[in-house]
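K.L.:
Given the sequences, and given the hints that come with them, work out the whole structure.
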Amino acid sequence: MRIEEHPILDFHKDNKISFTFNGETLEGYEGETIAAALHASGVKILGKSLFMHRPRGFYCAIGNCSSCMMTVNGVANVKTCVTDLKEGMVVEIQEGKGVIA
Amino acid sequence: MKEVELLIIGGGPAGLCAALSAAESSAKVCIVERNKSLGGQLIKQTHMFFGSEKQYASIRGIDISGILLDKLNHYKDNVEILTETTVVGMYEDGVVTVLHKEDNYYKIKPKAVIVATGAFEKTLAFPNNDLPGIYGAGAVQTLMNVHGVKPGDRVLMVGAGNIGLIVSYQLQQAGVQVAAILDAAPKIGGYLVHASKIRRMGVPILTSHTVKEAIGKEFVEKAIVCQVDEKFQAIEGTEMEFDVDVICISVGLTPLNELLAMRGCQTKYVPQLSGFVPLRNENYETTIENVFTAGDATGVEEASSAMVEGYLSGLCAASKIGYTPGNFEERKKDYIKQLNDLRSGPVGKHILAGIEQIVI
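These protein sequence lines map, in sequence, to chains A and B.
To convert a position in the first sequence, counted from 1, into the working numbering, add 5.
Under the working numbering, the residue at position 180 of the second sequence is numbered 172, and the numbers go up by one with no gaps.
Only true hints are included.
Heads up, simulated DSSO-like pairs for lysine-lysine below, C-alpha to C-alpha not over 30 Å straight-line: (1) B:93 to A:53; (2) B:341 to B:260; (3) A:53 to B:204; (4) B:93 to A:18.
Which chain A residues face chain B? A few, computed with CB under 8 Å, are given here: (5) 8; (6) 16; (7) 18; (8) 37; (9) 41; (10) 44; (11) 50; (12) 59; (13) 63; (14) 64; (15) 65; (16) 68; (17) 87.
Residues from chain B shown here face chain A by an in silico Cβ test under 8 Å; the list is partial: (18) 27; (19) 127; (20) 128; (21) 137; (22) 141.
Hints were generated in silico from the structure; no laboratory data involved.
These figures come from a predicted structure and were not determined experimentally.
Virtual Cβ for every residue (Gly too), placed ideally from N, Cα, C.
P.N.:
As C-alpha cells, this is what we get:
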C-alpha cells in the first residue's frame, strides 16, 4: 500500500524500524506516524467504538478528531495519526476508555 | 511564567505570515505549533496555487512553506518557535497555558495574541459513515503526500469543490483509481480547470448525486450512491453500486477557534464562513483588545487569503503593542486590496457576504 512512483514527490524512506501491533511484528519507516505505518501494512482498524464496539479507523489524520486513539507502550489514548513511529513500539487496539496509570 | 510580546498560535500559512510581518516591524514574536514542524497544511499541498504573485501563485504549496520559513529565518533574532506545543487554555487575565509534548505544562503571558488555528474537516451523515476506509480528503492527502502511503485501491470522492477535485487528481497521480466524484449540488463547486483535468483522466463527475450508504463489515467494501432532487432528497430507484475500499469525504471545513470562545471573544454563526467565527474589526482584532485572529479560524477560505490575512493581522498587532511598522498605512491598504482581489469571483462574493456580518 505504499506509493512506489510519484511524478512530484520523492519519499525518503531510509530507516526501516520494527514495532508490534497486537503482538504481531510489523515494519515501518522512521519519520512516519504510527497510523501511516499501520495503514501501509494493511491495518485499517485502529480501535473499537466505546458502546457499540464498531471498528474505528482514522478520519482527519491531523490530530483533531480522536478517531485514531490506541494504546502505545502501555499508554492509553495516544493519537496515532500524529505520533511518530519509534523502534520497538508496542501498539495495541484499546478496549474502552483507557486508564491513566 | 514566560513573558512574550506577540504570541502566534498556529504555524500554518496565516500564522507564519503574521509572524513575518510582525517580526519585520521589529516586534518579538513567539510561534506556538502543536505539530513537530511548521507549515500547517501547506506541507501536503502538491498543487500549484492560484491568486497573484504576491500569494505565490503557480508555486506548489509544499514549496511555499519552505519559502516562508526561509524568510522567517532572516528575523531569527526576533522569532521564537515552540513546536510540539499545544495551547490548552486562554484565560481572562491574558494568560495562555501550553503543553509541550506530554509532560511540560506552563504559562505564557503575551502582550498580544494572534489566533491562527485553522480549520478542520466536516463529515457527512449516512449509514455506516464510521467504517474504516471513510476518510477526510485532507487525511488522504496527508497519508499520500506526506507519508507516501496509499489510502486504498479504489476511491469514491464525495464533494466536487476544489479540494475534492484536487485530491482526486493527486490520488490518480499516486496510482490510486478514483471511481467517481459526487456532488449533491447540481453544479461543480470547484474551478473548471481542475474539473477538466480530472475528467480528461476519465473520472466521471456526478452532480446531484450523494452517498446513500456505505457497505462493509470491518471496513468499506462498497458504496451505494443515489441521485438527489433540487431539495437534496434521495430519488428512489436511482441507486448505483460502486466497488470501492475508500470513501473520501470532501464536504468542506469548519473554523477551529475554540480558544477564542474560551477567552470570551464574541462569536457568531455565519454559514458563508462555514461555522462559528469571531467578530473582528478591519485589523483582525476580536472583541477582546489585543486578541487578533487570521486565516481559516476567522472563516474558511483558501491558503492564499489566509496568508494575506496573516500579514495584515501581524502588521496591525505589532502596531497595537507599540511598534511603528514602516509604511504602515500603505501596506495595510495593499493587504486589503489583495484580499479584495482574491475575493472578486463568485465564491468571493459569498465570502464577502459572510464577512459583512462579522466586521465591527
